Every structure is written in structure tokens, then in C-alpha cells.
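K.L.:
Let the hints inform the model, and build the full structure from the sequences given.
Sequences listed follow chains A and B, in order. Numbering-wise (this note's numbering), the first sequence opens with residue 1 and increments by one. Numbering-wise (this note's numbering), the second sequence opens with residue 1 and increments by one.
These are computed hints drawn from the structure, not numbers from a lab. Among the hints, erroneous ones may be present.
As the list claims (entries may be wrong) - Pairwise CB distance ranges, derived in the manner of DEER restraints: (1) B:Thr97 with A:Gly161: 53 to 61 Å; (2) A:Ser156 with B:Asp113: 40 to 48 Å; (3) A:Lys181 with B:Lys37: 17 to 25 Å; (4) A:Ala19 with B:Thr111: 26 to 34 Å; (5) B:Ser277 with A:Glu18: 28 to 36 Å; (6) A:Lys181 with B:Ser277: 41 to 49 Å; (7) B:Arg216 with A:Asn40: 20 to 28 Å; (8) B:Asp132 with A:Gln104: 27 to 35 Å; (9) A:Lys181 with B:Asp161: 37 to 45 Å.
Said to hold, decoys possible - Computed cross-link-like contacts, DSS-like style, restricted to lysine-lysine with a CA-CA straight-line distance of at most 27 Å: (10) B:Lys99 with A:Lys92; (11) B:Lys2 with B:Lys125; (12) A:Lys174 with B:Lys125.
The model shown is predicted, which means the values in this text are computed figures rather than measured ones. For every residue, glycine included, the Cβ atom is placed at its ideal position computed from N, Cα and C.
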Amino acid sequence: MHETTHHHADTLKSHVEEATGVILSHCYQCGKCTAGCPLNEEMDIMPNQILRILQAEMPGYENKVLSSLSIWLCLACDTCYSRCPQEVLLSKVMDYLRQESIRQNKVNPKAKDILSFHKAFLDSIKLNGKLHEVGLTIDYKLRSLNMLQDVQLVPSMMSKGKLAIFPHQVQNTKEIAKIFKRISENKGDQQ
Amino acid sequence: MKIGYYPGCSLEGSSKEYNDSLFAVAEKCGVTLEEIKDWSCCGASAAHNLNHDLSLALPARTLALAGSQGFAEIVVPCAACYSRLASTNHEISENVTVKTKIEGYIDLKLTADVKILTVFEFLQKYIFPTVDKHIVNKLNQKAACYYGCLYTRPKETAAVDQIENPMEMDEVMVKAGATPIDWAFKTECCGAGLSVSRTDIVAKLSGKILEAAADRGAESIVVACPMCHMNLDMRRPEIKKQLKKDINIPVLFITQALGLSMGIPADKLGLNKHYVSTNKVVNCIVKMEA
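P.N.:
This is how it looks when you write it as C-alpha cells:
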């Protein structure tokens, strides 16, 4: 009954709980999260298994979670959370696991393109304060080396007025860069 | 009272027709929206995937600006922006330590209570009171209202009454003279932010949604999210390959559908900007008898 109060183990479970406020022992493995997950067919470790592995606090298995593809496929659609009888906010756990996976340099090789896209997206915001879709596309192509993907869309998007060649920017782009800088100085987080 | 407006990045780019149709509908009803000066990106999926503090700081900057510019309400038509702004609002109002930390990052105070309106809330509150006298057409078609994830989950920020069977857009479509269908995929996920990095997954998920709408006889799909629109409309070639069949149901933004019933010309509503032709939708329309 006092399991969480005098529990100070240096495990992934304790870090997740501290950072997210989600109590992992609340999960009793009913499996509704996995049953409803739109990505379950693509995942290498099922959502309920991720929770079970974290509960077990075995370091070898924790690495499996941090290097899984599942944590990068999760779309944070929150179908799991809305159906969970114990209201375990799994998407928040997934956000933490992704960030931890980057910090520990354990990103699954198959998730490289997904991560490249997120990084290119944030770089575009850091630079302009707003997303510049053309800049993002070029940046993502360079990072992922998927040079030809979606190229056929460019002329039609241009003619439909869906692509702005030049970025829209906030008035003082340095303000946005400062927000990124303050956050990275405070936590050493990835950007 | 002035109503603030946060278009978000998509509505300035790939979903410009959502922006234009929203303004066309508002203009017709004499409602003015005022853009929040110097707003910035909400951070979208990228920020909450990679950096929790950033995912709060970016929306918080816009919320702080809205407050200091005297807006009590802001309209946020993009589902992703809505979700990020609403969850930031939720987290900073629940936790004063987080709020103080975020204020430090953005160097602005989060003092004012700014209400965030989704497009349905905006339509209900500001457009519905006068819309009836502007409605001249019946859309006269079976419409599948597709809500996706971000308006319906998580429950803390849900913008709908019933999270498994929302009806807010269905009500707008009834006003526009369409027949909303009952179907099982209203709140399924389209694949959202994996559109570019894992197009194969998006084709699979969006394909299931499209197929479900077709099986129920839908003549149009109506959305209120730029990403749902992009995945169901622009990704149609990949979906066709995935389904091994050709489904040509057009996808409209809710404001385009309402605008058509108000007699606003199709080009002013940006119907020409879609990948899947919207002619079928326009051809169903019948004039209402005076």
C-alpha cells in the first residue's frame, strides 16, 4: 500500500513516474490499450507489454522499450487512455520514453525517418517562429535522404496556392530562438 | 467584443482553403475575427514527441500574447493547434510550478484566462444565431462527419459532448441541408503526423476510414482538421494503391460545406484547391424554395 512512498529505485519506471506523474502500477494488464491501438499491427512491442516491462523494473528489458519502434509509431491519438479502466495516460509515458530514448542514444534505426521529420519540423520553427512547409520538406529530404519522395506533389501544391516559397515569420525570430535556448540550458533536452 | 483568431501554420499554407472558407462564412454573418498579433507555431506533434517543455512553451507564448492583447476568446480552427493550446492551458492551470517555469522560458506572463474555441464552438456561438437567413441551398447529400482524434481525446481537452460518438459537426451539416450518416469511424486516427515520414501507415489508416465512409454510402466526408484533410485528400493516390480500389468521395472542410449552403461561390471557398474533385458535391446542391 505504501509501495510508491518508500521506493527510490533508479529504474526507468521511477523516472517515468517522476517526470509524468503517471502511476504505472495502476495498470492491471487488461489489454484494452493494445486492442484499440490503431498502430498495433506495426508495433514491435505492444502498448500493454511496454507498461508490463516498466512495472517489472528489469534493466535489460527497459532497454528493449527504449530501443523499440513502438514508442516512435505511437501517434498520441489517446484511444488507449480513453478506454483504459485505470486511466493510465500512456501517451504521456510514450512522450517521455521517446525523449529518454534520444538522451540514451537508443533510437530504433527504423524510426530514423520519423525522428528526422520531427527534428526538421522543430528547426523550421526555431528559425521562423512558424512552420515553413517548403523549408521543412527540403530539410527532411536532406536528413532522411528520401530525395524523391513527394516531389510529384510540388507543382500541384504550388499551383493550388498551398505552398509558400518564402517563410511566414514572427516579428522577432530571436525571441523564439531564445525560448529554445532557455529550455535547452535548463534541461539539456534534445531539440 | 472582439474575437481573437489563431490560424496556425497550416491555414497559411497547405490548408489555406480552410482559412478562406471560415472567413467567407464569418463575413456573410457580419462576424469579424482579429488575428493575434505575432502568434507563433504551436509546436504540433514534433514538440511533444521530442521536448515536453517546448510543447508547453510554444503554445503558452501565443496564449500570453492573446491575453495581453485583450482577447477573452480565441478561435483555433486547426484540431492540432487546438489540442496543443488546450492541453497547455490545462497543464498550466493545474500546476503552478509548471506555469512559473514556462513563464520563465517565454519571458511573458500567463495572467489572463483566454477561452479557446474550436471551429464548432465558434459556429454555434457566433454563426448559428444568424445563419438561417443566409442559407439558400440544400447540400442534399449523405455526409460522413469525421472528427479524428484531437477534438475527441484526451477527455481533459475534448471539445465534444460524446467522445465515442460526437455530433457537433453533424449538427452543422443538418443546418447545411445534408444528411449526416451514422458510421463507426468518426473518431479513428488518420495517421496524422506520420504523413511524410511513414506514408504507408497513413495510407492504411486513412484507407480504412475512407472505405468505411464509402460502405455507408457517403457522398462527402466533412472534416475540421488540416491533417485529416491532407491525409484523406492529398494522400488519395497512396490510399488507392493500399485499398486496390478507386474511391472518389471528396473531402470538405466544415466551413466549406456550410459556405456552399450559404450560396458562397465554390472558388471563394477554395474548392478548387483540393486533389479529389469536389464537383460531385457541388452537383448535389439544390436551391431552396423561397
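K.L.:
Are Lys181 (chain A) and Ser277 (chain B) spaced within 41 to 49 Å by their CB atoms?
P.N.:
47 Å, holds
K.L.:
Are the Cα positions of Lys2 (chain B) and Lys125 (chain B) separated by 27 Å at most?
P.N.:
14 Å, holds
K.L.:
Is 17 to 25 Å a correct range for the gap between the Cβ atoms of Lys181 (chain A) and Lys37 (chain B)?
P.N.:
Distance hint for Lys181 (chain A), Lys37 (chain B) holds at roughly 23 Å.
K.L.:
If you check the beta carbons of Ala19 (chain A) and Thr111 (chain B), does the distance land in 26 to 34 Å?
P.N.:
Between Ala19 (chain A) and Thr111 (chain B), where Cβ atoms are some 27 Å apart, the hint holds.
K.L.:
Within a Cα-Cα threshold of 27 Å, do Lys99 (chain B) and Lys92 (chain A) meet the stated pairing?
P.N.:
18 Å, holds
K.L.:
In this structure, is the beta-carbon distance linking Ser156 (chain A) and Asp113 (chain B) contained in 40 to 48 Å?
P.N.:
43 Å, holds
K.L.:
Given the proposed pairing of Lys174 (chain A) with Lys125 (chain B), does the C-alpha separation stay at or below 27 Å?
P.N.:
37 Å, violated
K.L.:
Does the hinted range 27 to 35 Å hold for Asp132 (chain B) and Gln104 (chain A) at CB?
P.N.:
The hint (27 to 35 Å, Cβ to Cβ) is violated, given that Asp132 (chain B) and Gln104 (chain A) are roughly 59 Å apart.
K.L.:
Given the hint of 37 to 45 Å, check if Lys181 (chain A) and Asp161 (chain B) actually sit that far apart at their C-beta atoms.
P.N.:
42 Å, holds
K.L.:
A range of 28 to 36 Å was offered for this pair. Does it hold for the Cβ distance of Ser277 (chain B) and Glu18 (chain A)?
P.N.:
53 Å, violated
K.L.:
Lying within 53 to 61 Å: is that true of the beta-carbon distance Thr97 (chain B) to Gly161 (chain A)?
P.N.:
With a Cβ separation near 45 Å, Thr97 (chain B) and Gly161 (chain A) fall outside 53 to 61 Å, so the hint is violated.
K.L.:
Given the hint of 20 to 28 Å, is the C-beta distance from Arg216 (chain B) to Asn40 (chain A) inside that range or not?
P.N.:
24 Å, holds
Against the hints set out earlier in the document, violations occur for numbers 1, 5, 8, 12.
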